[in-house]
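Novice: So the chains spell out like this:
There are 2 protein chains.
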Amino acid sequence: MESKELIGYIAAFFTTFSMLPQFIRMIRLKEAKDVSIFMPSMMTIGVFLWLLYGIFLKEPPIIIANVVSLILSITVLIAKIRYR
Amino acid sequence: MESKELIGYIAAFFTTFSMLPQFIRMIRLKEAKDVSIFMPSMMTIGVFLWLLYGIFLKEPPIIIANVVSLILSITVLIAKIRYR
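In order, the protein sequences belong to chains Z and F.
Heads up: the first sequence at position 64 corresponds to 47 in our numbering, and the numbers run straight through without jumps.
Heads up: the second sequence at position 6 corresponds to -11 in our numbering, and the numbers run straight through without jumps.
In case anyone wonders, no lab produced these hints; they're calculated from the structure.
Treat each hint with caution, since some may be false.
For chains that are exact copies, the list does not tell them apart, and a pair is met inside one copy or across any two.
As the list claims (entries may be wrong) - When the alpha-carbon atoms are kept at most 25 Å apart in a straight line, the in silico SDA-like pairs for lysine to any residue are as follows: (1) K16 x L34; (2) K13 x R67; (3) K13 x I(-10); (4) K13 x V51; (5) K(-13) x L40; (6) K(-13) x S24; (7) K13 x L53; (8) K(-13) x I64; (9) K16 x I54; (10) K13 x M(-16); (11) K(-13) x I28; (12) K(-13) x I45; (13) K13 x I47; (14) K16 x L(-11); (15) K13 x L35; (16) K13 x I46; (17) K16 x E42; (18) K41 x F(-4); (19) K(-13) x I57.
Can you make the complete structure from the sequences, with help from the hints?
Specialist: Here you go:
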């Protein structure tokens, strides 16, 4: 694997999984007041469009990373709505 | 512009600017308790690596989008540290 490819994969890992600790924190605190509802909303729309883009390009790495991101973004959005 | 390219640009707009409402909310509330520090931290690391990736590939759209994302992620991280 080329070094730029490796950088891309590590980058994808960090941006994709950045929503996971946010989800865990809201679940732990049972509170989400300080989280803007627009953050996971915009993330969900954007990631959904990245997924479409990956499907258009037939690029499995883009598709896979954005399926995971989409699930995590929707999870954060639901937690925000649930805990307010 | 091809439709897939347009989808990519709209996707980049949403994912890039999703951090802005989060920053505004913390500034308004002067509080960030419910925001996980790992969310903007991981986002900052990931976006920085995407920026390196864009520089390696010499792809201006990747570079520009991730410079903006990097600034916004760092801003959210600073606000989280500032307001706790």
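Novice: Hint by hint, note whether the structure agrees.
Specialist: Do the hints match the structure? See the list:
In the homo-oligomer, the alpha carbons of K16 and L34 never lie at most 25 Å apart, since the shortest distance is 29 Å inside one protomer and 31 Å across protomers. Taking the shortest alpha-carbon separations for K13 and R67, both the intra-copy value of 9 Å and the inter-copy value of 17 Å come in at or below 25 Å. In this assembly of identical chains, the alpha carbons of K13 and I(-10) never lie at most 25 Å apart, being 35 Å within a copy and 36 Å across copies at closest. In the homo-oligomer, the alpha carbons of K13 and V51 lie at most 25 Å apart inside one protomer (23 Å), although the nearest pairing across protomers, at 32 Å, exceeds that limit.
Both within a single protomer and between protomers do K(-13) and L40 lie at most 25 Å apart by alpha-carbon distance, with minima of 20 Å and 8 Å respectively. Taking CA atoms no more than 25 Å apart as the test, K(-13) paired with S24 passes between copies only; the shortest distance there is 22 Å, against 31 Å inside one copy. Proximity of K13 to L53 under the C-alpha cut-off of 25 Å is restricted to the intra-copy arrangement: shortest distance 22 Å within a copy versus 29 Å between copies. Taking identical chains as interchangeable, the C-alpha atoms of K(-13) and I64 are never at most 25 Å apart, the minima being 38 Å within one chain and 32 Å between chains.
Taking the closest pair of Cα atoms, K16 and I54 come within 25 Å of each other both inside a single copy (21 Å) and across two copies (24 Å). Proximity of K13 and M(-16) under a CA criterion of 25 Å is satisfied in neither setting, with 42 Å inside one chain copy and 45 Å between copies. Within a single copy, K(-13) and I28 get their C-alpha atoms only as close as 28 Å, which misses the 25 Å cut-off; across copies the closest is 16 Å, which meets it. Taking the shortest Cα distances, K(-13) and I45 sit within 25 Å of each other both inside one copy (15 Å) and across copies (13 Å).
For the homomeric pair K13 and I47, neither the shortest alpha-carbon distance inside one copy (30 Å) nor that between copies (37 Å) is at most 25 Å. For a Cα distance limit of 25 Å, the shortest separation of K16 from L(-11) qualifies neither inside one copy, at 37 Å, nor across copies, at 34 Å. When the C-alpha separation of K13 and L35 is checked against a cutoff of 25 Å, the pair qualifies neither within a copy, at 33 Å, nor between copies, at 37 Å. Taking CA atoms no more than 25 Å apart as the test, K13 paired with I46 passes in neither setting, with 32 Å inside one copy and 37 Å between copies.
Taking identical chains as interchangeable, the C-alpha atoms of K16 and E42 are never at most 25 Å apart, the minima being 37 Å within one chain and 38 Å between chains. In the homo-oligomer, the alpha carbons of K41 and F(-4) lie at most 25 Å apart both inside one protomer (20 Å) and across protomers (21 Å), since each shortest distance falls under that limit. Taking the shortest alpha-carbon separations for K(-13) and I57, only the inter-copy value of 23 Å comes in at or below 25 Å, while the best intra-copy value is 30 Å.
The structure does not agree with the numbered hints 1, 3, 8, 10, 13, 14, 15, 16, 17 stated previously, though it agrees with the rest.
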